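> Taken in sequence, the protein lines are chains A and B. Its first residue numbered 247, the first sequence is counted upward by one per residue in the working numbering. Its first residue numbered 15, the second sequence is counted upward by one per residue in the working numbering.
Calculated from the structure, these hints are not laboratory results. As the structure is a computational prediction, the values presented were derived from the model and not from experiment. You may find that some hints are simply not true.
Claimed, not checked - List time: in silico BS3-like cross-link candidates among lysine-lysine, alpha-carbon distance up to 27 angstroms:
hint, chain 1, residue 1, chain 2, residue 2
1, B, K103, A, K335
2, B, K132, B, K72
3, A, K374, B, K79
Here is what each chain is made of, one letter per residue.
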Amino acid sequence: MLSSISFRVIGDSFIDLELTLSSNDNISNASDNEISDNLYQLELTYGQYHYLDDGLFFNWFASLDYTQYSSWSTFDHVVLNTGIELEKKIGMGAYVPVVGVDVSFSNKNYNVDIRDGIDTAIRVFWKKRLNERWDTSVALGFSQYHTKHNIEGDIQAPTTPMNTLSFDAFAVSQKHLSANTQVSLNEKNSISMGVEYSDGDITSTVMSSSWMPELVTARVPDTAIGEGYYAYRLDGKMLSLNLEWDYILSDEYTFRASYQSSNINSDLGSYEYKRKKISLTIIKYF
Amino acid sequence: MNIRLSKLILLSIFLQVGTTSAAELRIKLTKNGELPLANAVVKLEPRNHKVKIVPQNKVIDQINKEFVPRIVIVIQGGDINFPNKDNIKHHVYSFSDAKQFELPLYEGVLAESVNFEKPGVVVLGCNIHDWMRGYIYVTDSPYTMLTNREGTVSFESLPEDTYKLSIWHPGLNEDLKNMSYTLRGEDSLEINRDVVIKPVVKIRRNQNRRRNRYD
Chain A
247 MLSSISFRVI
257 GDSFIDLELT
267 LSSNDNISNA
277 SDNEISDNLY
287 QLELTYGQYH
297 YLDDGLFFNW
307 FASLDYTQYS
317 SWSTFDHVVL
327 NTGIELEKKI
337 GMGAYVPVVG
347 VDVSFSNKNY
357 NVDIRDGIDT
367 AIRVFWKKRL
377 NERWDTSVAL
387 GFSQYHTKHN
397 IEGDIQAPTT
407 PMNTLSFDAF
417 AVSQKHLSAN
427 TQVSLNEKNS
437 ISMGVEYSDG
447 DITSTVMSSS
457 WMPELVTARV
467 PDTAIGEGYY
477 AYRLDGKMLS
487 LNLEWDYILS
497 DEYTFRASYQ
507 SSNINSDLGS
517 YEYKRKKISL
527 TIIKYF
Chain B
15 MNIRLSKLIL
25 LSIFLQVGTT
35 SAAELRIKLT
45 KNGELPLANA
55 VVKLEPRNHK
65 VKIVPQNKVI
75 DQINKEFVPR
85 IVIVIQGGDI
95 NFPNKDNIKH
105 HVYSFSDAKQ
115 FELPLYEGVL
125 AESVNFEKPG
135 VVVLGCNIHD
145 WMRGYIYVTD
155 SPYTMLTNRE
165 GTVSFESLPE
175 DTYKLSIWHP
185 GLNEDLKNMS
195 YTLRGEDSLE
205 INRDVVIKPV
215 VKIRRNQNRR
225 RNRYD
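Full structure from sequences and hints, please.
Below, the structure is given as structure tokens:
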């Protein structure tokens, strides 16, 4: 089939610049003594769409993202993202289903390097525009975060018998199932609603006195937060709800307000933490 | 003989006046009770007299990933060429009953035009850029025009007749096809009509440019 595809393509490129102000009520993913902070994020993205043939698209992007925390500068980070996507229209027209696969890589470097790592994600998706107002999509994915540094620091567990535990508490892998729908209210306003269910590793940072040794699969002192805090990795599940409102200011600018609420539960025991994030974004399309 | 000749001359003058009468019909459209409705198709169909239609060729460009102009009237039997003036490819198609066609992946000017034989509305799309929408109104009446920016259209030199008036616009929320007006002699008729237009909801250009991260 691929031999019949014309690879003489003309790309349709885009450059986006996003400036975001966010409030995250639990940056440490803690079950108690949560740390909240405001974040300022600047992200520049370049991408290209290529129409190959027969409803087949190849897209790629690269972005550079800098996030600064208002109080917790130890969490400031730079992310270099890149991703590719192959999608296929099943039929012709604006309302036919589209199936596809995308792969993305994110290289994250934090001010305090304990969280530094590379995030790899792969996803298969199905999407369909129901009419001029409604879009819907479903995706199934897998993501894995590889930390860059072997932590050999203070590994004294607060209780035994955890000496055989890994220190790689930020190295996580998760399976994801998500569904999203978007409705255009009029030519300027649209609302997007999404739900995502994730199953895999979760990481939470708490005071060493708060942890539950029977639940964790890795632990490490969380030097980004401070003495006495440990990051623990557990098996768990996460349910996230997303709500976005886009307002088109002009052909070149869009304002976005978004709300994300996540509930994270361990598979064993009753360990639970929650996170809410509110963001305001200005997007500039070049 | 002279009386006969005089009668013939009078009859001839009467017929001439009858056939050269030049009525005028001016239509002004507003949308939703306020703004002028531009780019609406206004069509007059004479009930009694036939008018020879002469197909014309038209051009619909693709500029900045839009069809330009967005609404085009073509006389039945006319051709339309679809030059691509963007520096990317387009894939023009239509599924409409009045004309189904496809111009797969091309750049520049196509040598061949598309012929439109059947009256009706042809909705254009691009299989790459889903937001692109264009409309071709294929008409069997030469009395078919688009309203201007002020929402008006003027038909001049209309022969005396009864005309069926139809109005079409992609956002029109009502059936405006069966209005009749009789024009006599030098009639000059002005019609003001307010129509209900649905809010325009176009597929957005910039949506979902990149949404594949798990945050």
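> Each hint should be assessed against the structure and marked as holding or not.
Cross-check of the supplied hints:
{"no.": "1", "hint": "B:K103 x A:K335", "verdict": "holds (17 angstroms)"}
{"no.": "2", "hint": "B:K132 x B:K72", "verdict": "holds (16 angstroms)"}
{"no.": "3", "hint": "A:K374 x B:K79", "verdict": "holds (21 angstroms)"}
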